[in-house]
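Colleague: Below are the chains, spelled out letter by letter.
There are 2 protein chains.
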Amino acid sequence: MPNIYDSAYNLETAIRESDEFKNLKTAYETVMNDPSAKEMFESFRDTQMELQEKQMQGLEISEEEVEKARTVVEAVQEHQDIAKLMEVEQSLNLVINDISRIITKPLEELYGSTEEEAN
Amino acid sequence: MPNIYDSAYNLETAIRESDEFKNLKTAYETVMNDPSAKEMFESFRDTQMELQEKQMQGLEISEEEVEKARTVVEAVQEHQDIAKLMEVEQSLNLVINDISRIITKPLEELYGSTEEEAN
Ligand SMILES: [Ca+2]
Ligand SMILES: [Ca+2]
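Those protein sequence lines, which keep their order, are chains W and R. Mapping the first sequence onto the numbering used here, position 116 (from 1) lands on 1320, and the numbers just tick up by one. Mapping the second sequence onto the numbering used here, position 62 (from 1) lands on 1266, and the numbers just tick up by one.
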């Protein structure tokens, strides 16, 4: 029987050694070592987080804020290094989401099956 | 080099075969097969989720709601099978939190290190 913690550490190593993670590391360091790219990327991140927080709290997002977000998104999409960073982040996010689905399957089956019986 | 998906499926198996998961399965089925326990447990869950949603949305929680929640919590704590279920759920949650910390470490190190340099 495999041990949970051994398996988790093996998975951590697999992530760390994956192309997806290595590509992310390279793309992230490229942006962080370029001060103007770094500032643009962080402004994008801050804008996105502010809007997400507002949405989660059910607050209205003004036309001005939507316009500001659009401007920032357009700027980062035209910046080659940042666009690359966002692309590799998304690749790794897809993998992380897959992992999350795989390891929560036992719990989903347990809670799901009894719910079905009840319906 | 270990493959990410192989490692994730190994971890899923390890979770499924763990004592924590088997204990949860037994405790959950015991409650779900007892209609009055099932109803009490689901009422507890619903109350907790409502309060959590309100908190996340920054809405005020009335004294009446706090009182209702306290009553439901007291009832489930005195019900042996439900108390057992909550206990084993918490054990498995601790393990799941550990797993989550382990496998997100590469990302945390990457994003964390550059943030530190910037300060
Ligand atoms: Ca910042
Ligand atoms: Ca229900």
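Bear in mind the hints are in silico, worked out from the structure with no lab data behind them. Since this is a predicted model, take the numbers as computed values, not measurements. Treat each hint with caution, since some may be false.
No distinction is drawn between identical chains; accordingly, a pair holds when it is met within one copy or between any pair of copies.
As the list claims (entries may be wrong) - Each computed DSSO-like pair below joins lysine-lysine, with the alpha-carbon atoms no more than 27 Å apart: (1) Lys-1288 / Lys-1309; (2) Lys-1309 / Lys-1272; (3) Lys-1242 / Lys-1309; (4) Lys-1309 / Lys-1229; (5) Lys-1226 / Lys-1272; (6) Lys-1229 / Lys-1258; (7) Lys-1229 / Lys-1288; (8) Lys-1258 / Lys-1226; (9) Lys-1242 / Lys-1226; (10) Lys-1272 / Lys-1258; (11) Lys-1242 / Lys-1258.
Colleague: Which of the stated hints cannot be reconciled with the structure, identified by number in ascending sequence?
Modeller: Numbers 2, 5, 6, 8 - these are the hints that the structure violates, sorted from lowest upward.
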